[in-house]
Structures are given as structure tokens and as C-alpha cells.
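Novice: For the sequence shown, the residue numbers in our numbering are 174 to 390.
To be clear, the hints were calculated from the coordinates, so they are not data collected in a lab.
Per label pair, the in silico range of CB-to-CB distance: (1) L185 x V338: 39 to 45 Å; (2) L241 x A345: 39 to 45 Å; (3) L186 x A345: 39 to 45 Å; (4) G243 x R199: 50 to 56 Å; (5) L241 x V370: 30 to 36 Å; (6) A179 x A328: 45 to 51 Å; (7) P364 x A179: 43 to 49 Å.
Every residue, glycine too, gets a C-beta built ideally from N, C-alpha and C.
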Amino acid sequence: AGAGVAALAYALLTRGFDSISPYFLRISVPEGGGANVVNVILVDYRGYDTMGEITVLGIAGVVIYALLAGFVPARRPRPASNEPRSQFLPLVARLLLPLAVLVSLHLFLRGHNAPGGGFIAGLVLALALILQYVANGRQWVEQRLRTDFRTWIGAGLLIAGAAGVGSWLFGAPFLTSSYAYWTLPLLGSIPLASAVVFDLGVYLTVVGATMIALVSI
174 AGAGVAALAY
184 ALLTRGFDSI
194 SPYFLRISVP
204 EGGGANVVNV
214 ILVDYRGYDT
224 MGEITVLGIA
234 GVVIYALLAG
244 FVPARRPRPA
254 SNEPRSQFLP
264 LVARLLLPLA
274 VLVSLHLFLR
284 GHNAPGGGFI
294 AGLVLALALI
304 LQYVANGRQW
314 VEQRLRTDFR
324 TWIGAGLLIA
334 GAAGVGSWLF
344 GAPFLTSSYA
354 YWTLPLLGSI
364 PLASAVVFDL
374 GVYLTVVGAT
384 MIALVSI
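Generate coordinates for the entire structure from the input sequences, incorporating the hints supplied.
Specialist: What follows is the structure in C-alpha cells.
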């Protein structure tokens, strides 16, 4: 097996190689309307693949929730003297949350033309929310955060699907995107791609699936 892999690697490394990368770099802006080639590929050229990925991610989150619903692990006996909890971590977590929300929105909104996008923006928000559970406990968070993350998964998949179906109204194939540059007072020219609607579905699904899986665990 080792010799076979070595022979295969040698054969690939010593033959001519014509990468498809320059093609995407060349047409990302004129055809996809975005300078962030990675995000344009995810929400445009490989939209079907991304739709499948977030569907699998949502299913995985719901399955973890279903498998662990009602499961209570055996607890170790606590010592008689209760150890004081850290007061520093809850304070930092609460101060960090609004900043993380802003960073998440920033990454989402600029994702089509700069590093960012729905996936990383969703993970940033989910990690900030998970930190609240770690710092303050589940009961404290759920008293203040009255939401069911299963609905986030459903809403995300519906929005992503609607973005694909919407292209049919214009006689284009499923998940075909378009873009335009709007000129607004004071702000100037703003690029607006229809793929941002699909990316919003990605964003909501990633937050919902990550939260429901980690909170269940």
C-alpha cells in the first residue's frame, strides 16, 4: 500500500498540471460579483454542494438533539463545601457577546468581497453564545435567550431554498445568482448580490446546528 501511494504521488507530481484556480480568479468579479473567490464559489459556482452541506449539518444537529433528549449523565458526588465559582469568566463572557455579534455581522456582510461569509460568521456567533453557557450555566442563559435553535435550522434551510427557487422567477436555473451596484446617498456605490440571501440561510443553519449540537452535548 505504501509503495502504491508513493508511486501514485510520484506520477501526479511529475506530470503537467493545469490548475482551474486562475479561471475562478479571473471570472469571480465579472460573473459572480464578488472579490472573495472562496465565498463566490461556495454560494454561486458550488451552490448545490453548499446547499447539501448545510442540509447535512442541520440534520446532524437535530439527530444529536434527538439522541440526547432526556439523557442525564451520572453525576459525581460533590464535596460538602461548595467551591466558589469564577466571577471573572461570566463578566468577560457578557462583555464579549455584543462585540462578537458585531464581528459576526461584519464578517457576514462583507463576505462576498472580503474574507468572511455565512459559515465563519455563524461560527463566531455560535461560539460567543456557547461561551455564555460555559460561563453562566444553561439555566441562566435559557432564562434570557428564549429561542429554539431548531427553528434557526429550519429557517436557514427554507431561506437558502427560497433563494434558489427565486431564480426560477427570472427564467434562470436553480440557485443562479445575480448582482448589481446601487448608488446610495452618502454611502456611494454598494455591491449587492442576490447570493447574500443564500448566504443568510447558511448563516442561520450554521448557528442553529452548532448551538443545538453543543448545548445538547
